[in-house]
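Peer 1: Heads up: the sequence lines are chains X and Y, in that order. If you count the first sequence from 1, position 104 lands on 104 in the numbering used here, and the numbers rise without skipping. So the mapping is simple: the numbering used here equals the position in the second sequence, first residue as 1, plus 1000.
Everything labelled a hint here was simulated from the structure, so no lab data went into it. Possibly wrong hints are sitting among the right ones.
What the hints assert, rightly or not - Each computed SDA-like pair below joins lysine to any residue, with the alpha-carbon atoms no more than 20 Å apart:
# : chain 1 : residue 1 : chain 2 : residue 2
1 : Y       : Lys1089   : X       : Lys13
2 : Y       : Lys1115   : X       : Thr16
3 : X       : Lys26     : Y       : Leu1094
4 : X       : Lys13     : Y       : Lys1115
5 : Y       : Lys1046   : X       : Leu303
6 : X       : Lys301    : Y       : Arg1073
7 : Y       : Lys1089   : X       : Arg304
8 : X       : Lys13     : Y       : His1076
Claimed, not checked - Coverage of chain Y stretches by chain X, computed from C-beta distances (three or more under 8 Å per stretch; other residues unrestricted):
#  : stretch
9  : 1064 to 1078
10 : 1168 to 1179
We treat Cβ as the ideally placed atom computed from N, Cα and C, and that holds for glycine.
Below are the chains, spelled out letter by letter.
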Amino acid sequence: MSGTNSEVITVMKARTYARHVRESFKSIGRNGWMTFASVSAVTVTLLLVGVFIVLMLNMNKVATDIEKDVEIRVLMEIGTKQEEAKAVGDKIEKINGVESVDYSSKEEELQNLVKDLGDDFRLFEQDNPLYDVFIVKAKDPRDTGKIAGQINKYEHVNEAMYGEAKIEKLFNILEMSRNVGLVLIIGLLFTAMFLISNTIKITIVARRREIEIMKLVGATNWFVRWPFVLEGLWLGVLGSIIPIALVTTGYYYAYGFIKPKLQNHFIQMLDFTPFIYQVNGLILLMGCLIGAWGSFMSVRKFLRV
Amino acid sequence: MIEMKDVYKQYNNGVMAANGFNVHIKQGEFVYVVGPSGAGKTTFIKMMYREVKPSKGDIIVNGINLAKIKTSRVPHLRRNIGVVFQDFKLLPSLTIYENVAFALEVIEEHPKQIKKRVMDVLELVGLKHKARMLPNELSGGEQQRVSIARSIVNTPKLVIADEPTGNLDPETSWDIMNILEEIANRGTTVIMATHNREIVNTIKHRVIAIENGRIVRDEQRGDYGYEG
């Protein structure tokens, strides 16, 4: 005598898992064309999503690189004495939100210039036209403007400058494209989920009677659900193979092409590894999730027997 | 065994299919449920395995109140109830053996147990020799026997049959009745909704007649009591 009321099966047996996996594979085979159609749809979606993610994360990287590089150059008035300059430096350091203050004398400034632009600039060594400067970095780059404004009011400060309008505009553009990308990705994911959900629905309709009988003889909802959820999962996994391959190759070549051109520049692409593994993991994960969730949703209403 | 107390069921479309059912059925009883189509027979039966939930009242089966049970417990309740349908509900792509075994597989019974029990019930319904055939290779009566085998393979305390002879010719119907009788003789409660006047009047059992959602008659060793 089995199936007594007290016998609540909470842990599924290994044998049962094997059955669910077998059933889900059988169903994929049976659904032939529909499987192909939804896998293609998932492929296209995940490919677009993958490309989006790569672009977005790299844009993010560029944005952070730029953000990190934003600095205020405080030009001291010509003729400011050493100790007066030092007092200004101390004052700047005490401003809320300032991360670092570095002093660079006009001689050092000239050396930098020579290093960057060439020996022609050595001519200026006779009569150095540059200013002594403080290089100030804000903890949060968005505070840059505020801090610069404050420094401008100090005595002995000729001018505190930073990229102003340009930088602000850049920040805005980056933020906006980040948001637009995110919305597009979410939209695409829903489309793919809908397609998988429809495929599974066809499987389910074909097996309605089976589900009905299962429920009547006392199968639990999860027992009925598992094969379908697994089938959705496989569709998602199959759909992520080509996107992963293409995104990986694509980024490999893009990286090989662009990286050398950015040598020594403060803006850099994300390194090929581990970035590509993370992106691929994300694509696979999304494939699995939309597959499993899509089919979970479509089984739901057939379980009410 | 089964106790219905002031059970009401109103469907979403307003139909009142159960208008105060009060019934007590003892373990091992054989009960016919008769009445015109649309009178509430099917609702009466479906409430016993919780395919239909009552709007009001209590239904106690095997000591469990179906009106209050959590949905997640329903599968375990059903493992103690076998259901037989007019249209058999067999899976056409599975063999006879597989169809019966299916009922045990989905409740995760041990494979060794499954084999023994399936063969036992197939022997009981006299179809052991056709275990490897597909349902559509069998006659209607044989298919119904498979369906009965499936309903009892789990050794339930209650078997519910919704017009089990509805699709069968008279002679085959008697075969089916013999099997159901045999099941009842072993101590299983059998509740059978039927339109078959001849059977009800020949094999005497308790008769519950339902009309317009009410129990109008409940007699031990009763008659069918309707014309046609």
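Peer 1: All the hints need checking, so say for each whether the structure fits it.
Peer 2: Do the hints match the structure? See the list:
1. At most 20 Å may separate the alpha-carbon atoms for a hinted pair to count; Lys1089/Y and Lys13/X exceed this at roughly 27 Å.
2. Taken as a hint, the Lys1115/Y and Thr16/X pair is honoured in the structure, with Cα atoms around 17 Å apart against an allowance of 20 Å.
3. Among the hinted pairs, Lys26/X with Leu1094/Y is consistent with the structure: their alpha-carbon atoms are about 14 Å apart, no more than 20 Å.
4. This hinted pair checks out: Lys13/X and Lys1115/Y have alpha carbons roughly 18 Å apart, not beyond 20 Å.
5. Of the supplied pair hints, the one linking Lys1046/Y and Leu303/X holds, its CA atoms being roughly 16 Å apart against a limit of 20 Å.
6. For the hint pairing Lys301/X with Arg1073/Y, the CA-to-CA distance comes to about 18 Å; that is within 20 Å, so the pair holds.
7. In summary, the hint linking Lys1089/Y to Arg304/X is supported, as the alpha carbons are separated by about 17 Å, within the 20 Å threshold.
8. Taking the CA atoms of Lys13/X and His1076/Y, the gap is about 17 Å. The hint holds against a cut of 20 Å.
9. Only residues whose C-beta sits within less than 8 Å of a C-beta in chain X count toward coverage, and the stretch 1064 to 1078 of chain Y has 6 of them, enough to reach three; the restraint holds.
10. Chain X is given as covering the stretch 1168 to 1179 of chain Y, and this is violated because 0 residues of the stretch bring a CB closer than 8 Å to a CB of that chain, at least three being needed.
Of the numbered hints listed earlier, those contradicted by the structure are 1 and 10.
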